[in-house]
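Chemist: Each chain is listed here by its residues.
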Amino acid sequence: MKDFMFIFRGATEVFQLSPEEMQQHMHKWFTWVDELKAKNIYVAGEALTPEGKTVTGAKALVTDGPFAESKELVGGFFVIKANSYEEATEIAKSCPDLPFDGSVEVREVMKFR
Amino acid sequence: MNGSDKVQQLVDHLFRHESGKMIAVLTRIFGTHNLEMVEDVVQEAFFRAMKTWHFEQLPDNPSGWLMQVARNRAIDIIRRQQHFDQYSKEVAYALQEETEQTVEQFFSESEVADSQLRMIFACCHPALKEEDQVALTLKTVSGFGVAEIARALVTNETVIQKRLYRAKQYLKDNKIALEIPAGHELTTRLQIVYTVLYLLFNEGYNSLKSDELIRKDLCAEAMRLAFLLTEHRSGKHPATFALLALMCLQASRFESRMDADNSIILLQHQDRSTWNAALIQQGYYFLNQSSTGDELTIYHLESAIAAEHCMAPTFKDTNWARMLQMYDMLLEQKRTPLVLLNRAIVMAQLNQAVKAIHEIWLIEDIDNLLITQYIFSAVLGDLYWQIGDEHNAGKFLALAYQLTPSLAEKKLIKGKLNMIDHTKMN
Numbered sequence: 001m002k003d004f005m006f007i008f009r010g011a012t013e014v015f016q017l018s019p020e021e022m023q024q025h026m027h028k029w030f031t032w033v034d035e036l037k038a039k040n041i042y043v044a045g046e047a048l049t050p051e052g053k054t055v056t057g058a059k060a061l062v063t064d065g066p067f068a069e070s071k072e073l074v075g076g077f078f079v080i081k082a083n084s085y086e087e088a089t090e091i092a093k094s095c096p097d098l099p100f101d102g103s104v105e106v107r108e109v110m111k112f113r
Numbered sequence: 001m002n003g004s005d006k007v008q009q010l011v012d013h014l015f016r017h018e019s020g021k022m023i024a025v026l027t028r029i030f031g032t033h034n035l036e037m038v039e040d041v042v043q044e045a046f047f048r049a050m051k052t053w054h055f056e057q058l059p060d061n062p063s064g065w066l067m068q069v070a071r072n073r074a075i076d077i078i079r080r081q082q083h084f085d086q087y088s089k090e091v092a093y094a095l096q097e098e099t100e101q102t103v104e105q106f107f108s109e110s111e112v113a114d115s116q117l118r119m120i121f122a123c124c125h126p127a128l129k130e131e132d133q134v135a136l137t138l139k140t141v142s143g144f145g146v147a148e149i150a151r152a153l154v155t156n157e158t159v160i161q162k163r164l165y166r167a168k169q170y171l172k173d174n175k176i177a178l179e180i181p182a183g184h185e186l187t188t189r190l191q192i193v194y195t196v197l198y199l200l201f202n203e204g205y206n207s208l209k210s211d212e213l214i215r216k217d218l219c220a221e222a223m224r225l226a227f228l229l230t231e232h233r234s235g236k237h238p239a240t241f242a243l244l245a246l247m248c249l250q251a252s253r254f255e256s257r258m259d260a261d262n263s264i265i266l267l268q269h270q271d272r273s274t275w276n277a278a279l280i281q282q283g284y285y286f287l288n289q290s291s292t293g294d295e296l297t298i299y300h301l302e303s304a305i306a307a308e309h310c311m312a313p314t315f316k317d318t319n320w321a322r323m324l325q326m327y328d329m330l331l332e333q334k335r336t337p338l339v340l341l342n343r344a345i346v347m348a349q350l351n352q353a354v355k356a357i358h359e360i361w362l363i364e365d366i367d368n369l370l371i372t373q374y375i376f377s378a379v380l381g382d383l384y385w386q387i388g389d390e391h392n393a394g395k396f397l398a399l400a401y402q403l404t405p406s407l408a409e410k411k412l413i414k415g416k417l418n419m420i421d422h423t424k425m426n
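Protein chains in written order, with this note's numbering: chain G, 1 to 113; chain V, 1 to 426.
Here chain G stands alone, though its shape is the one from the complex (with noise of 0.2 Å):
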């Protein structure tokens, strides 16, 4: 098994939501982490802050941000295993944030030996 990471993007819209569908949508990740763990390939997650500083070039500027498109602004990311990119996209289409603009970035974690 390999690992990859999913980093999710956007879903913007969820921020629109009545409180009783929040409620109900945050049931839905955590039924989804469930699903993962039960079958033994959630490795690990974590939920980002929309604040942030970005440090650029030699001069290693600092600047307030990242103030990228809300489509872009990445929310937070999962570690999985699964045994090839196939699988682990029809994983990442299980996503409870795709149906409100939310993104999901499929990238396999290299392994050096």
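Honestly, I wouldn't trust all of these hints.
[Stated by the list, open to error] Sample of chain G residues at the chain V side, in silico, Cβ under 8 Å:
no., residue
1, Glu13
2, Val14
3, Phe15
4, Leu17
5, Ser18
6, Pro19
7, Glu21
8, Met22
9, Gln23
10, His25
11, Met26
12, Gly52
13, Gly65
14, Gly75
[As the list claims (entries may be wrong)] Now the in silico label distances, taken between C-beta atoms and shown as ranges:
no., chain 1, residue 1, chain 2, residue 2, range
15, V, Asp40, G, Ser103, 21 to 27 Å
16, V, Asp76, G, Glu13, 24 to 30 Å
17, V, Glu36, G, Lys59, 40 to 46 Å
18, G, Glu69, V, Gln101, 38 to 44 Å
Derived from the structure by calculation, the hints contain no laboratory data.
Every residue, glycine too, gets a C-beta built ideally from N, C-alpha and C.
Guided by the hints, dock chain V onto chain G, whose structure is given.
Modeler: Here is chain V on its own, set in the frame of chain G:
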């Protein structure tokens, strides 16, 4: 703790109820003219919860966690903006001197409850249109989203947005403070609150056009708010308990009112074994609590009538004589066509069908009601049938048949119409 434990720990409607609490407390601190900002802060708190609760453990006290976020954000805003005169007059000075302490006080359990009551009173301000009172209550006190409110009240989002805007503008323009009215004003304000809660409950109970889930939500929410009222010194009146009793007793019949195809079944045809016994017991309890003081309000009478139905094992066993007395008393305060119609039904049960028919014809605007609301022609047709007037029975039952959307009722009416045709042929 594995993931599935987390899922079970979140109480139903936690976010919705917490929304109401947070909005109440923050509006108390920042003033009603800052309601929009308050709503944004609350939305942020939920957003933060959604992000961090995904990936970490659930907090031991989800409710406390949310309130903590709201509290910290409030302190943050105050410190950053420094324009203390912008906020609620009640706290402006204290906020300037002792920000954290002042804010902290508002987040105590008793103050939170107090703020919620004040919020309900503000939403039910007499200057606001009733429909705006209802919308604002559902949004700010009950934590419903605009789309949810539109679905519940069977209208569109734009209409709801307008009502909310109007209400918020009024509060802003008139610098309405979040307070508990005193003396006579409290009495009149409570009447408005009762009316709004009664309206909410009826929307959930009687509206056939919205889906079952949202209707149940509305009834449950009306009951929750009525209960909240009873927990507070200023809301703990006999009439509040009576209103709550009425809601419990009616809600007990929620399941049995609907047929499988989502059509209504009249009281006399309901399967009483499906009435919710626990809710009935709660209703009796609150009815008991309401029998103090010297006022017999419409809620006392309506809940007593509802109790009579719940107490009877079958429709025929109902204490009609006692019920008629209560309807007579109710009429003195609430003379509406529906109350008059229900009273006529009771009279017919006491073998006064002829008199009952006469009383129905005396109802104001009855000619219009008979051709627009099936219940009137259904009852009238039934009464004519009882006294053997087949011509009129057939006429009004046929009219009711056309008007009712209920397949269950259509079937029953059809059965009666067939019997009339049958006897006509013999």
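Chemist: Indicate, hint by hint, whether the structure satisfies it.
Modeler: Status of each hint after checking the structure:
{"no.": "1", "hint": "Glu13", "verdict": "12 Å, violated"}
{"no.": "2", "hint": "Val14", "verdict": "7 Å, holds"}
{"no.": "3", "hint": "Phe15", "verdict": "6 Å, holds"}
{"no.": "4", "hint": "Leu17", "verdict": "7 Å, holds"}
{"no.": "5", "hint": "Ser18", "verdict": "2 Å, holds"}
{"no.": "6", "hint": "Pro19", "verdict": "4 Å, holds"}
{"no.": "7", "hint": "Glu21", "verdict": "7 Å, holds"}
{"no.": "8", "hint": "Met22", "verdict": "5 Å, holds"}
{"no.": "9", "hint": "Gln23", "verdict": "4 Å, holds"}
{"no.": "10", "hint": "His25", "verdict": "7 Å, holds"}
{"no.": "11", "hint": "Met26", "verdict": "5 Å, holds"}
{"no.": "12", "hint": "Gly52", "verdict": "14 Å, violated"}
{"no.": "13", "hint": "Gly65", "verdict": "18 Å, violated"}
{"no.": "14", "hint": "Gly75", "verdict": "7 Å, holds"}
{"no.": "15", "hint": "V:Asp40 <-> G:Ser103: 21 to 27 Å", "verdict": "25 Å, holds"}
{"no.": "16", "hint": "V:Asp76 <-> G:Glu13: 24 to 30 Å", "verdict": "26 Å, holds"}
{"no.": "17", "hint": "V:Glu36 <-> G:Lys59: 40 to 46 Å", "verdict": "42 Å, holds"}
{"no.": "18", "hint": "G:Glu69 <-> V:Gln101: 38 to 44 Å", "verdict": "42 Å, holds"}
Violation of the numbered hints given earlier is confined to hints 1, 12, 13; the remaining hints are satisfied by the structure.
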